[in-house]
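A.B. asks: Protein chains in written order, with the working numbering: chain A, 1 to 285; chain B, 1001 to 1265.
Hints are computed from structural coordinates only; laboratory data are not their basis.
Some hints here could point you the wrong way.
Said to hold, decoys possible - Pulled from the structure, derived: some chain A residues nowhere near chain B, Cβ distances all over 10 Å: (1) Leu64; (2) His120; (3) Ser242.
To be verified - Cut-off 27 Å, straight-line C-alpha distance, at most; resulting in silico cross-link-like pairs (DSSO-like, lysine-lysine): (4) A:Lys227 with B:Lys1040; (5) A:Lys198 with A:Lys92; (6) A:Lys93 with A:Lys198; (7) A:Lys198 with B:Lys1040.
Everything numeric in this text was worked out from a predicted model, so none of it was measured.
Glycine residues also receive a C-beta, built at the ideal position from the N, C-alpha and C atoms.
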Amino acid sequence: MATGQIASPSHPGAVISVRDLRVSYGEREILHGISFDVLQGETLVILGGSGSGKSTLLRTLVGLEQSSAGEIWINGRNIATTSAAEMDEIRKKIGMSFQGGALFGSMTVGENVALPLREHTHLADSTIEVILRLKLEQVGLEGFEYYTPSQLSGGMKKRAAVARALAMDPEILFFDEPSAGLDPIIAAGIDQLILELKRAFHMTIIVVTHELASAFVIADRMLLIDKGNIVALGTTEEMRSSTQPRVRQFLDRIAEPEVSGELDYLQMLTAERPNAHSAAGKRGK
Amino acid sequence: MELVTQIGDGTLNGLSYIGSLASLGGRAAYYTLVAPFQGKPLRLQRAISQAMETGVRALPILSLITFFIGLILALQAAYELRRFGAISAVATAVAVTMSRELGPLITAIVVIGRSGSAFAAEIGTMKVSEEIDALETMAISPIRFLIAPKFLAMMVMLPCLTIWANAMGILGGSLFGVAQADFTFVRYIRASIDSLLLRDITTGLIKSVMFGITITAVGCLEGLQTAGGAEQVGRSTTRAVVISIFLVVLVDLFFTTLFFFLGGH
Chain A
1 MATGQIASPS
11 HPGAVISVRD
21 LRVSYGEREI
31 LHGISFDVLQ
41 GETLVILGGS
51 GSGKSTLLRT
61 LVGLEQSSAG
71 EIWINGRNIA
81 TTSAAEMDEI
91 RKKIGMSFQG
101 GALFGSMTVG
111 ENVALPLREH
121 THLADSTIEV
131 ILRLKLEQVG
141 LEGFEYYTPS
151 QLSGGMKKRA
161 AVARALAMDP
171 EILFFDEPSA
181 GLDPIIAAGI
191 DQLILELKRA
201 FHMTIIVVTH
211 ELASAFVIAD
221 RMLLIDKGNI
231 VALGTTEEMR
241 SSTQPRVRQF
251 LDRIAEPEVS
261 GELDYLQMLT
271 AERPNAHSAA
281 GKRGK
Chain B
1001 MELVTQIGDG
1011 TLNGLSYIGS
1021 LASLGGRAAY
1031 YTLVAPFQGK
1041 PLRLQRAISQ
1051 AMETGVRALP
1061 ILSLITFFIG
1071 LILALQAAYE
1081 LRRFGAISAV
1091 ATAVAVTMSR
1101 ELGPLITAIV
1111 VIGRSGSAFA
1121 AEIGTMKVSE
1131 EIDALETMAI
1141 SPIRFLIAPK
1151 FLAMMVMLPC
1161 LTIWANAMGI
1171 LGGSLFGVAQ
1181 ADFTFVRYIR
1191 ASIDSLLLRD
1201 ITTGLIKSVM
1211 FGITITAVGC
1221 LEGLQTAGGA
1231 EQVGRSTTRA
1241 VVISIFLVVL
1251 VDLFFTTLFF
1261 FLGGH
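The whole structure should be built from the sequences, with the hints applied where relevant.
C.D. replies: Here is the structure:
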């Protein structure tokens, strides 16, 4: 990494460059200095268990959480220091698909997808109508514009959310747990959709997930994070052949040795007793 | 010592809460009054449908409640006035009490129950289902999109509802006046109108605008501060109602005192 002040992303092909990113909720630090690049046109899958900090990382990348230190460069602008107005400009170039879809329940699917267009462009209604149909077709929801979100199934909600994220023709697309809560077949359909978007538009896609099967289908590169630190970053092949214990543990789905942790705790508790009598007991702990 | 610390903490929390309310109100005011002239249009359509929901749909229940309140006031006033043989002053007592105090207050309480709670529940649900986050990632300000129309609707509708409530209260009082105090209906209404000064009505209306701002700010802030799941939405709604009632009474006290010393007594 370059020393001193980084004026621009260090990697020439990088769309997003994260440098020594730290995020805290109050006293508790969630991300402990994370650095990585996302290259133009690649699909980066951020893997990690529950509480690993992967969702916080995603929320910070789209500006929903404030970083406490570090830099996030998106298209050459550091969103950690940018003004609210500039952040809005950056946000118009990114699309985000939320875990539950986050469609507005008071609007139809069509109104949901058209919302960013109506808010940010001066396009005529007829033009918006055409774009709307196009976007719905891209996600396989043609003819559903007059449905309300509550009338859609889980998978359809996610597709509608993707259509809304695509409305402004974003350069970067973020997905939060795209297959969460879906059966394997519907989830595979969402994976195919992500692959198609990448193939058709050469979009840069960042996906946060803990679903390994889906991750290996869609990823060009993977980033494994654990307890707020990057454990590994590499292509799917590199990850598959990795011998790093934490990577193997995650990929081979080996349970966290929580039990031994508790045993340590028990030993510590029982070790308290001899402590009271002799100083020799202290050596053990 | 513990008690002093607790009182101190409580005061600080209260002040910081009022600070949050003021900040939310200020931003909503910006999007309602300033931003429309800077090319960020207000969602007028949304404000109108919100006004329908908050205002027009509240009319039946508000009418009924304030009619009864007027009648109760007349009965209570007559109980005392009868002893002085001044039962004909019932009309004045009802009209002045309704316009200056109970019209705005009862209206505010009905609106807290119907709309303040609904704001907290609606925005809280949107927060929990990441819809607020979705707005932000689409570079759409939730304050402009969701909250400013509510402020506008409430600031317009609460005074309107208050005028209606005053009228219904006087009507309620007239039932007693006609039945028990030798008034004819027309004479009762005329006595009521004659007894009212313009400032009786305007002070009530100024208070009602402030109540509207308070109720909206609390409802929306409680909604936005919802974190967690569905049960938190319920808690936010309860908090919105309780805090709104408390703050409305506080605002009422402040303005009543202010008007008193400004010579509006």
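A.B. asks: For each hint, tell me whether it holds in the structure or not.
C.D. replies: Results of checking the hints against the structure:
1. Leu64: The claim is violated: Leu64 of chain A sits with its nearest Cβ about 5 Å from chain B, within 10 Å.
2. His120: Label violated. Min Cβ-Cβ 7 Å, cutoff 10 Å.
3. Ser242: With a cut-off of 10 Å, Ser242 of chain A remains clear of chain B, as the shortest Cβ separation is near 33 Å.
4. A:Lys227 with B:Lys1040: Distance ~42 Å between Lys227 of chain A and Lys1040 of chain B Cα, so the pair is violated.
5. A:Lys198 with A:Lys92: holds, 19 Å
6. A:Lys93 with A:Lys198: Distance ~16 Å between Lys93 of chain A and Lys198 of chain A Cα, so the pair holds.
7. A:Lys198 with B:Lys1040: violated, 34 Å
Violated hints for the displayed structure, listed by number in ascending order: 1, 2, 4 and 7.
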